[in-house]
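> Residue strings, one per chain:
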Amino acid sequence: MILKKITYILLFYLLPQSITAQQNSSINWITFQQLEDSLSVKPKKVFIDFYADWCIYCKKMEKVAFKNPKVISKLNTSYYAVKMNAESTDTIFFGGDTFINKQIGKKRNPTHDIPLLLASRNNKDFSLPAIIILDEKFKISARYFEYLDSKKMLKAINQSK
Amino acid sequence: MKPIYQIIFLLLCISTQAQTAIVSGSVMSGEESIPFATVLVKGSNLGTSTNKDGNYNFKTPSGTITLIVSSQGFRSVEKQITVSQGENKKVDFKLIEDILGLDEVVVSATRNRVERKNTPVIVSSIKPRLLNATQSLTVADGLNYAPGVRVETNCQNCGFTQVRLNGLDGGYTQILLNSRSVFSSLLGVYGLEQIPTNIIDRVEVVRSGGSALFGSNAIAGTINIITKDPVLNTWEIGSNLAVIDGDAWDRNVTFNTSNVADDLNSGITLYGTYRNRQSYDANNDGFTEIVELRNTTVGAKAFVKPNDRSRISVNLNAIREYRRGGDRLELAPQFTDITEELDHDTFIGGADYEISNKDNTNKFQLYTSASYTNRDSYYGGLGGARTRQDSITANNAFGTTKDLAWINGAQFTKHLKNNDVFTTGAEYNISNTEDIIPGYNRLIDQSVNSLGVYAQYEWKPSEKFTALFGTRLDHIAVDGKYTIGGISREADINQTAISPRLTLSYQLSKEIKLRGGYARGFRAPQAFNEDLHISSVGGEQQFVILSDNLNAEFSNAFTWSFNYSKTINLLQVDLLLETFFTSLQDPFTIVSTGATLANGSILEEVRNGSDASVFGSNFELGISPNPKWRFQLGGTLQRTEYDEPQILFESDGTPGENDIIIEDFVRVPNFYGYLNATWIPSEKFNIDLTGTYTGKMIVPLVVSDTGFLSLNEVDPFFDLNLKLEKHIDFNDNFMITLSGGVNNLFNSYQDDFDTGAGRDSDYVYGPNLPRTFFVGIKFGKLH
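Residue numbers (numbering that gives the first Met the number 0), protein chains in the order written: chain A, 0 to 160; chain B, 0 to 782.
Take these hints with a grain of salt, some might be off.
[Stated by the list, open to error] Pair ranges (Cβ atoms, derived):
#1 A:Lys66 x B:Ala317: 34 to 40 Å
#2 B:Phe729 x A:Lys66: 17 to 23 Å
#3 A:Pro68 x B:Ala454: 49 to 55 Å
[Unchecked claim] If you want the ones that stay clear, here's a sample from chain A, every Cβ over 12 Å from chain B, calculated:
#4 Lys41
#5 Lys73
#6 Asn75
#7 Thr110
Honestly, the hints are just simulated from the structure, not real lab data.
Even glycine gets a Cβ: it sits at the ideal position worked out from N, Cα and C.
Please model the entire structure based on the sequences and the hints provided.
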């Protein structure tokens, strides 16, 4: 366990060096598992993007906002950027809990528990695209459920303190 | 990392009103608890969501309140409870899974975008998936796959196709392009074969007149062709090659590309098609059964959003289509026995402007669309003989046609606070057709101006019940001159008619929805698509002319339907049973008057026929056990009946010939239907099996020079198609789809074509292709 932690810490300090070189070319997307380790080492704001294969607006954002150099550099410097397929079938351990996709075999578009938890809304069906921004204390500061072009995306990630 | 649930909780309970009771409980589906379901107090913003174990707990105001519980994929449930101050009440909920796959958005039912499952009238939607599965190159090929629709080629010389909806012929169906009636009478003749499928997002079919707001002549129904609206930047190029009965080649090339601005505020789609089909002769008599066809279509569709609440879109299309049938296609038409040669040059353009208010409750639309066709035609030939007169006639059978349809309209929609929707609008349509063939002294010079005003109220007094009241007031002015040979007719009609419509729908249970409707429709006397078509019989041309003193035709249509939809885990079942009854008063009926023209041509007259009724049932059953398998089976069982026997051929007293009288419609089978089955084992490969069944029917065949008919009962057809598709993704920007298969696998095809120069060119029915093998390739950035 301790060994594992050390490995992660080492990784954490080593990784940025190797990544800075390509910082401007793409976003350093990480998974939820990596996020937990990263947060335990160094708290930082978190940017979460939920997508699915059928979501064309997600694809458009992939091609536009997430390719914008300003968005890339802001996300890479100020955030942990997490990308997750909302229909993932993985079992994810996070915050001491286990999250699975309970809808597999029950729904045509099975949604994983994590996006359901973070991106469900009061009186609306679950929908994509869904972007969640959390502060250093892992409290949600903003949620977006629409297509964001580069300008709106920049505004969103610069706005949240 | 524990605070994750608290965050959610904080987020959902942002309310600071007086909350004086506590309600708690569980939300379950069967034995399983539902986490993250939303629990709301109706009419307020108070709410919470269930935790991981499906339990909830929150403060509510005291008194009588209604709780609504919803969760994605489940039907929401309401419960009324009464809580007193300080009470701690336990309320448990059971949720039932919702129907999937019916959340499509359609426009045809009410002229506003509505989720398909919620429409007050049944809308059948034909998606590109099905057009692709059936190897449909044009709209005409794919329409058979909706209940009640049958498309049939009706001429061996020109390939004229007709849509028959619920057994009523082409003139009773309104064809729309993006909800606009740019299909003029002339475009109605060949237009369905001119719209390529690669630009289509979906085709919406509404049977019966429930969709009144689109026009009073939509007596059998409407077919609304909706073109694609892009989001991603994509491009594709495709080509298909088919060989009809191992004999005639049909090849086409299509392309389309879309570019949408990063902020989605503007975009354009460009598309084009080229098709070249050789003629096909089924019985080796030297005369075509399937005509030669060359079609080039290019078009563009663009939009811009000046701001979030408004949108301007424009579209431009140019269609050049050449078709020729008959014999000896390599010769100039006047040296052949029969030639029908048509060269269409069509332009379709339009612009739309729509604006909404801030909260999207009011919407205003303004639109204009026009289509203009310039056509060179040749309907004629020597007709088997080689006399001087035949030669003169053949040399003078060239004609020209000019056709304009121009639609202008405005529409206002208001969503009221109680969920009711009010729609009103006005439309002014101009349709001018001029068809001249000097050699036959044939003239159609028709101008139809119509002004329509409509209003519709969608009343939703409860969640379960919806009533749609609508009325359309049309004023139609027809000014027409019709001449053929020595016969001249004129139409000068001013007609005002009110067409009321009423549709009711009731959600009987979660699975069952009942619908019913009544619609009145009318058609003012004018030359419709079929009347513009010229066929050949006995080596002479057969013309249609309007008779004197035609009255407007009125219709009353009733429908009832039963829709059962159920989803159990991955299984989806959808059953539709629909009954229709349409009565026609003074229907326009084509009656053959025999060889009454000086040059021996046969004249058919449009008259007000005996009142008639068309009734029957449509059914459709769709089953999909999981996303890998889909099955659909649909069909129509119907009858047609004239109240009084209807004359179809009037004898001139030639010995051995008598009047032909019918009691039901010709060319309408009592049973017809379709099936489609899809297997998608992976994203890389899929197989589609599709087919249509055409039951026994009566088809008239002209058997003598006078136009005397024989009513033939023809055998049923079963037309089965098989298609295999392989997808290869090289990377995100380049993909290839390869396909191959066979149309009409069992070669179920008409085998008694009339032969030679004297044949009746209208005697063609059933599947439009014999056995045809095809291969195709499509590449590009497909998605």
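> None of the hints should be skipped; say for each whether it holds.
These are the hints, each one checked on the structure:
no.: 1; hint: A:Lys66 x B:Ala317: 34 to 40 Å; result: holds (36 Å)
no.: 2; hint: B:Phe729 x A:Lys66: 17 to 23 Å; result: holds (20 Å)
no.: 3; hint: A:Pro68 x B:Ala454: 49 to 55 Å; result: holds (54 Å)
no.: 4; hint: Lys41; result: holds (14 Å)
no.: 5; hint: Lys73; result: holds (17 Å)
no.: 6; hint: Asn75; result: holds (20 Å)
no.: 7; hint: Thr110; result: violated (7 Å)
When the structure is compared with the earlier hints, a violation turns up for hint 7 alone.
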